[in-house]
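K.L.:
Residue-level listing of the chains:
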Amino acid sequence: MKIVTVCGMGIGTSVLLKMNAEKVLRQLDIDADVEAADIGVARGMARTADVVLTSADLADELGETSAKVIVINNFTSIAEITEKLSEVLG
Amino acid sequence: MTLSQWLPIEAIRTSVAASDWRAAITASGEALAASGATTDDYTQEMIETVEKLGPYIVIAPGLALAHSRPSPAVHRAGLSWVTLATPVAFGNAANDPVDLVIGLAALDHDGHLEMMSELAAVISEEETLAALRAAKSAEEVQSVIDSVTQ
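Note that the protein sequences, when read in sequence, are chains Y and D.
Everything in the first sequence is counted per our numbering, starting at 942 for the first residue and increasing by one.
Everything in the second sequence is counted per our numbering, starting at 726 for the first residue and increasing by one.
What the hints contain is simulated information worked out from the structure, not anything from laboratory work.
Each hint should be verified, as a subset may be incorrect.
Ranges of calculated distance between the beta carbons of each label pair, as one might list FRET restraints [stated by the list, open to error]:
| no. | chain 1 | residue 1 | chain 2 | residue 2 | range |
| --- | --- | --- | --- | --- | --- |
| 1 | D | 811 | Y | 988 | 43 to 51 Å |
| 2 | Y | 1002 | D | 745 | 39 to 47 Å |
| 3 | Y | 971 | D | 851 | 19 to 27 Å |
| 4 | D | 846 | Y | 971 | 32 to 40 Å |
| 5 | D | 864 | Y | 1004 | 46 to 54 Å |
| 6 | D | 744 | Y | 1009 | 17 to 25 Å |
| 7 | Y | 968 | D | 740 | 24 to 32 Å |
| 8 | Y | 1002 | D | 871 | 16 to 24 Å |
| 9 | Y | 968 | D | 796 | 23 to 31 Å |
| 10 | D | 730 | Y | 1007 | 38 to 46 Å |
| 11 | Y | 1001 | D | 773 | 14 to 22 Å |
| 12 | D | 838 | Y | 985 | 18 to 26 Å |
| 13 | D | 766 | Y | 1028 | 37 to 45 Å |
| 14 | D | 819 | Y | 971 | 34 to 42 Å |
Glycine included, each C-beta is placed from N, C-alpha and C at the ideal position.
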């Protein structure tokens, strides 16, 4: 399982989202690699990823991808990340 | 190691008057520069990030994580903390209006992960975040942060 968290610069919001996603995956007992990326790199990475986590603004910029794109509104909400990841990874 | 190392008191401002999102980011850039983490140029770079990529930096209800990419304007990894007297709109449908702007500067993609981990711990706790938003002075913000990260 490969998960990519995406933000504009790859240093702030995607890193925060990666940390919270890893916390959620541990709680769900799901084995996955999570990588943070900026939008430029992410367009390439999204081709090989299973799941992309990002914001509504950036989801539109990703382009064609076979990965499941999950839009997160509140990057600090463990509850929201848990709910949306569980839905997709169930 | 606590968050205060990256968020010294000079980088914390409370009840700042800002008329729009640019003014709010400018306040967070001034606070980063005041602590020595960045030069004033970084403020403009943070504003350009939003102009180019949209208001995605509003990552949670009322909370903007203002930042740009590593650049010559960054001296060292650091954070700033600015609460606004009156919330302003950033154009983020899910999370507007913003009353807290956290400024972030990094030298590269990996050197600030411990800082981000500490920050995530603080802002992902609802009660801590509520106490921080209610803090009336920089000293009060710092004492709340110290109480949860030590």
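K.L.:
Could you check the structure against the hints above and give me the numbers of any it violates, in ascending order?
P.N.:
2, 4, 6, 7, 8, 9 and 14
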